[in-house]
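Peer 1: Could you build the full structure based on these sequences and the hints that come with them?
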Amino acid sequence: MPADVQADALSNTIADDLNTRGRDWYVDRAVSVGVFVGGVSAIVFIIGIFIFVTREGLGFALGTLDVKEFFTSMNWRPTSERNPTYGILALMAGTASVTGLAMLVAVPFSLGAAIYIAEFASGRMRESLKVLVELLAAIPSVVWGFIGMSIMNPLIIDMFDVPVGLSVLNAGVILGLMAAPIMTTIAEDALKAVPDSYREAAEAMGATRWQVVFKVVLPAAKNGLMAAVLLGVGRGFGETMAVLMASGHAINIPTSPFDSVRALTATIAAELGDTARGSDHYGVLFTLGIFLFVVTFVINLTADIVVKGVGKKQ
Amino acid sequence: MAEIAIETRDLNLWYGTFQALFDVNIRVKQGMITSLIGPSGCGKSTLLRTVNRVNERLGYVRTTGTVDVMGEDVFAAGVELARLRKEVGMVFQRPNPLPLSIRDNVLFSHRIHRGNEKVSRADEDVLVEDALQQVLLWDDVKDRLSQRATSLSLEEQQKLCIARLLPVKPSVLLMDEPTSALDPKATEALEALIWGLRGSYTILIVTHNMAQARRASEECAFMLLGKMMEIGPTDALFLSPKLSETADYIEGRYG
Ligand SMILES: Nc1ncnc2c1ncn2[C@@H]1O[C@H](COP(=O)(O)OP(=O)(O)OP(=O)(O)O)[C@@H](O)[C@H]1O
Ligand SMILES: [Mg+2]
Numbered sequence: 001m002p003a004d005v006q007a008d009a010l011s012n013t014i015a016d017d018l019n020t021r022g023r024d025w026y027v028d029r030a031v032s033v034g035v036f037v038g039g040v041s042a043i044v045f046i047i048g049i050f051i052f053v054t055r056e057g058l059g060f061a062l063g064t065l066d067v068k069e070f071f072t073s074m075n076w077r078p079t080s081e082r083n084p085t086y087g088i089l090a091l092m093a094g095t096a097s098v099t100g101l102a103m104l105v106a107v108p109f110s111l112g113a114a115i116y117i118a119e120f121a122s123g124r125m126r127e128s129l130k131v132l133v134e135l136l137a138a139i140p141s142v143v144w145g146f147i148g149m150s151i152m153n154p155l156i157i158d159m160f161d162v163p164v165g166l167s168v169l170n171a172g173v174i175l176g177l178m179a180a181p182i183m184t185t186i187a188e189d190a191l192k193a194v195p196d197s198y199r200e201a202a203e204a205m206g207a208t209r210w211q212v213v214f215k216v217v218l219p220a221a222k223n224g225l226m227a228a229v230l231l232g233v234g235r236g237f238g239e240t241m242a243v244l245m246a247s248g249h250a251i252n253i254p255t256s257p258f259d260s261v262r263a264l265t266a267t268i269a270a271e272l273g274d275t276a277r278g279s280d281h282y283g284v285l286f287t288l289g290i291f292l293f294v295v296t297f298v299i300n301l302t303a304d305i306v307v308k309g310v311g312k313k314q
Numbered sequence: 001m002a003e004i005a006i007e008t009r010d011l012n013l014w015y016g017t018f019q020a021l022f023d024v025n026i027r028v029k030q031g032m033i034t035s036l037i038g039p040s041g042c043g044k045s046t047l048l049r050t051v052n053r054v055n056e057r058l059g060y061v062r063t064t065g066t067v068d069v070m071g072e073d074v075f076a077a078g079v080e081l082a083r084l085r086k087e088v089g090m091v092f093q094r095p096n097p098l099p100l101s102i103r104d105n106v107l108f109s110h111r112i113h114r115g116n117e118k119v120s121r122a123d124e125d126v127l128v129e130d131a132l133q134q135v136l137l138w139d140d141v142k143d144r145l146s147q148r149a150t151s152l153s154l155e156e157q158q159k160l161c162i163a164r165l166l167p168v169k170p171s172v173l174l175m176d177e178p179t180s181a182l183d184p185k186a187t188e189a190l191e192a193l194i195w196g197l198r199g200s201y202t203i204l205i206v207t208h209n210m211a212q213a214r215r216a217s218e219e220c221a222f223m224l225l226g227k228m229m230e231i232g233p234t235d236a237l238f239l240s241p242k243l244s245e246t247a248d249y250i251e252g253r254y255g
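Sequence order for the protein chains is A and B.
So for the first sequence, my numbering puts the first residue at 1; every next one is plus one.
So for the second sequence, my numbering puts the first residue at 1; every next one is plus one.
Please keep in mind that the hints were generated in silico from the structure rather than gathered at the bench.
Because the structure is a prediction, the values reported are computed rather than measured.
Don't take each hint at face value.
[Said to hold, decoys possible] Per the computed footprint, the stretches of chain B lying under chain A, defined by three or more beta-carbons under 8 angstroms from a beta-carbon of chain A, are: (1) 31 to 38; (2) 74 to 88; (3) 187 to 198.
[Unchecked claim] No more than 20 angstroms apart at the CA atoms, straight line, and that leaves these computed lysine to any residue pairs for SDA-like: (4) A/Lys-222 x B/Arg-57; (5) B/Lys-227 x B/Asn-25; (6) B/Lys-185 x B/His-113; (7) A/Lys-215 x B/Arg-121; (8) A/Lys-215 x B/Lys-118; (9) B/Lys-142 x B/Glu-124; (10) A/Lys-215 x B/His-113; (11) A/Lys-215 x B/Asp-104; (12) B/Lys-227 x B/Asn-12; (13) B/Lys-169 x B/His-208; (14) A/Lys-222 x B/Asp-104; (15) A/Lys-308 x B/Lys-227; (16) A/Lys-215 x B/Arg-83; (17) A/Lys-215 x B/Ser-101; (18) A/Lys-215 x B/Lys-142; (19) A/Lys-215 x B/Trp-138; (20) A/Lys-192 x B/Asn-25; (21) A/Lys-192 x B/Arg-57; (22) A/Lys-215 x A/Asp-189; (23) A/Lys-215 x B/Thr-150; (24) A/Lys-222 x B/Glu-188.
Don't be surprised by glycine CBs; every beta carbon is placed ideally from N, CA and C.
Peer 2: Below, the structure written as C-alpha cells:
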C-alpha cells in the first residue's frame, strides 16, 4: 500500500509544519497576552477603587450617618466641635447649578461646532478644526480654574458690577467651555454616523443644506447627540479643580448666577487632607465619593443605553 | 412630434481631471419612458445625476454644454436648485427612505417646497393617499402610516421612494437602476408600477437589464465610454441597431 504510506508521510510533514512555532506566533501570543492583561487590569483597578471607596465610606454611611439629614439638610458643618452636621443639599445645589449652566453654555457651542465640522466644513478646514477641538479637550482643568480666577473673575466684577466674580456664572461658563470639546467630538461622531444616502435623498428632493441638517440629520442622530449631552453632564458633575477655583467655594443654595456655591467634588478635594482617617468627617467624605460614583455611573450608563437602545423600538 | 422634456447639447463632464461624459446629445420625449443602457462605468449615472445637478454635491465636478429640462436651461444663473429638484425627482439604486415615518416620508418634499403656506392635515392625508395609490402601496401600508419607513421591505421602500416625489408634481423622474437591489418578484412589481406612470411623467431610467429595457421602455439610449452612441424607439434599437457596438452590447458581448 504505497499510496497509504505516502499519505502518512505527507500528513506527518504537514503536522510538523503546523507544530513549528515561528517568531510571529510568539509575537502574536505576547501581544494578545499584553492586551488581555491591560484590559483586565483596567477592570481590576476600577473594581479596586470602588471597593476602597466603599470600604472607607459604606460602614459610616450605613451606621452613623443620618441619611435623611444627609440628603435634606443645607448644613454642612463637619468640623463643628459640638454638633457636626452633614447635609449635602447645598452642595448638590451647587453642583447642579454649575453643571446646569455649563450645559446651557456647552450644548449650543458643541452642537454648533459639531454641525459645522460634520456638515459644512471640508478638507483642510475640517481637519484643522478637529485638531483644534482635540487640543482644547486636552487643556488641564487647573488651567481652566486659573482662567476662571484671573480672567473671568475681574471680568464678571466689572461687567455686572457685583462684589465677587467667583460664582455659579463663572464656574458654569468655565465648565461649559471645558466640556464643550469632548461633547463636540462625540456629537460630530453621531452626525458622521448618519448615512450619506439620507442627505443625498433629501438634497435630491430640493432640500437646502440647512433643511437637510434640521429635518434629516439631527433627528437621525438624536440618540448620539443625547449621549453627547449626557456625557457632558457627567463630565461637569465629576469635575473638581476648575469648579473649586471658580465657584467661590461657599456653602450656599444659589438664588442668582452671581452667588458663590460649593460643589460636591470640590468639598472632597478641599477637606479630605485635613481629616483623620476613620473619623466621622473622613467617613462622610467617602460617602460623598460613593454618591458621586453612583450618579456618574448612572449618567454614563444612561448615555450608553440611549445610544444603543432607544432607536430599536421605533 | 412629441415635446422634449430633457435635452442636452454637447454635454461634457469632468470629475476632477477625469472626463466622464463626452459631447452627449440626447432628447428625451415628454411623457415617455426612456431607458439608458450601456456597460458599467460608461457614464449612465453621471448623465442622470447631471440633469438634477445632484452631481454637484461632490464639489469637484465641472461641466460644459447645456441641459434643458422642460425648455429651461438648468445651468442658467437664475436657476434655483430647490425648484429644479422639485421639477425633477430622482430614485436611487438602493432604496433610501428617510428615517422618518411613512407619512412624513411621503410629505417630506411637499413640506420643503410649500414654504409658509398652511396645509391642513386633511389635505395632507389626501396627498399621502394619492401618492401611495399611484405607486400601488396604499393598501399595504394604509394602517401603519406612522411606522418607520426603514422598517418596510426593500420593495415597499423603493415604491415609497417613488411616492414621495409625486406630491410636488414633478414633470421628470430620474431612476438609477431602481430595481437592482430587489428580487425578481419585486422587480416585476416595480416595473409594472413604473410602466403605469408613463404619460403622467417623463421617465429616464438607467438599467443593466436588457430584458427590462426592452419590456419597460418606449425609447432606449445606448451609451459607451462616456459617449451617447444611439437613441431611438426601443423596439427598433433592439431589432435593428444602427451601430455594431450597440448590437454587440445588446447581444451580451460586452458584459
Ligand atoms: N464621484 C466620482 N469621482 C470620480 N470619478 C467618478 C465618480 N463617479 C463616477 N466616476 C467615474 O465616471 C465614470 C462613469 O461613472 P458612472 O457611475 O456614471 O457609470 P455608470 O454607467 O452609471 O456605471 P454603472 O453601470 O456601474 O452604474 C466611471 O469611469 C467612474 O469611475
Ligand atoms: Mg451607475
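Peer 1: Look at each hint and say if it fits the structure.
Peer 2: Hint check:
Counting residues of the segment 31 to 38 of chain B whose CB lies closer than 8 angstroms to any CB of chain A gives 0, so the stated coverage by that chain is violated, three being the minimum. Counting residues of the segment 74 to 88 of chain B whose C-beta sits closer than 8 angstroms to any C-beta of chain A gives 6, which meets the bar of three, so the coverage hint holds. Against chain A, the segment 187 to 198 of chain B contributes 0 residues with a C-beta closer than 8 angstroms to a partner C-beta. That does not satisfy the three-residue criterion, and the hint is violated. Annotation: proposed proximity of A/Lys-222 to B/Arg-57 is violated, straight-line Cα distance about 24 angstroms (limit 20 angstroms).
Between B/Lys-227 and B/Asn-25, the direct Cα distance comes to roughly 9 angstroms. Compliance with the 20 angstroms bound is thereby established for this hinted pair. At most 20 angstroms may separate the alpha-carbon atoms for a hinted pair to count; B/Lys-185 and B/His-113 exceed this at roughly 35 angstroms. For the suggested pair A/Lys-215 and B/Arg-121, the alpha carbons sit about 19 angstroms apart, so the restraint of at most 20 angstroms is met. With a C-alpha separation of about 18 angstroms, the suggested pair A/Lys-215 and B/Lys-118 falls inside the 20 angstroms cut-off, and the hint holds.
Proposed proximity of B/Lys-142 and B/Glu-124 is supported: the alpha carbons are some 14 angstroms apart, at most 20 angstroms. The suggested pairing of A/Lys-215 with B/His-113 holds, with an alpha-carbon distance near 13 angstroms, which does not exceed 20 angstroms. At roughly 10 angstroms between alpha-carbon atoms, A/Lys-215 and B/Asp-104 fall within 20 angstroms of each other, so this suggested pair holds. Proximity of B/Lys-227 to B/Asn-12 is assessed by CA-CA distance (about 9 angstroms); at most 20 angstroms being required, the pair is judged to hold.
About 28 angstroms separates the Cα atoms of B/Lys-169 and B/His-208, which puts this hinted pair outside 20 angstroms; it is violated. The suggested pairing of A/Lys-222 with B/Asp-104 holds, with an alpha-carbon distance near 17 angstroms, which does not exceed 20 angstroms. For the proposed pair A/Lys-308 and B/Lys-227, the alpha carbon gap of about 48 angstroms is over 20 angstroms, so the pair is violated. For a cut-off of 20 angstroms, the pair hint linking A/Lys-215 to B/Arg-83 stands: about 18 angstroms separates their Cα positions.
Restraint check for A/Lys-215 and B/Ser-101: the C-alpha separation of about 13 angstroms stays at or below 20 angstroms, so the hint holds. A hinted pair counts as satisfied when its Cα atoms are at most 20 angstroms apart, and A/Lys-215 with B/Lys-142 does not qualify at roughly 24 angstroms. The hinted pair formed by A/Lys-215 and B/Trp-138 fails the criterion: a straight-line CA distance of about 25 angstroms is larger than 20 angstroms. A hinted pair counts as satisfied when its Cα atoms are at most 20 angstroms apart, and A/Lys-192 with B/Asn-25 does not qualify at roughly 38 angstroms.
Proximity of A/Lys-192 to B/Arg-57 is assessed by CA-CA distance (about 16 angstroms); at most 20 angstroms being required, the pair is judged to hold. Taking the CA atoms of A/Lys-215 and A/Asp-189, the gap is about 18 angstroms. The hint holds against a cut of 20 angstroms. A hinted pair counts as satisfied when its Cα atoms are at most 20 angstroms apart, and A/Lys-215 with B/Thr-150 qualifies at roughly 16 angstroms. Under the criterion of a C-alpha separation no larger than 20 angstroms, the hint pairing A/Lys-222 with B/Glu-188 is inconsistent with the structure, at around 37 angstroms.
Consistency with the previously given hints fails for numbers 1, 3, 4, 6, 13, 15, 18, 19, 20 and 24, ordered from lowest to highest.
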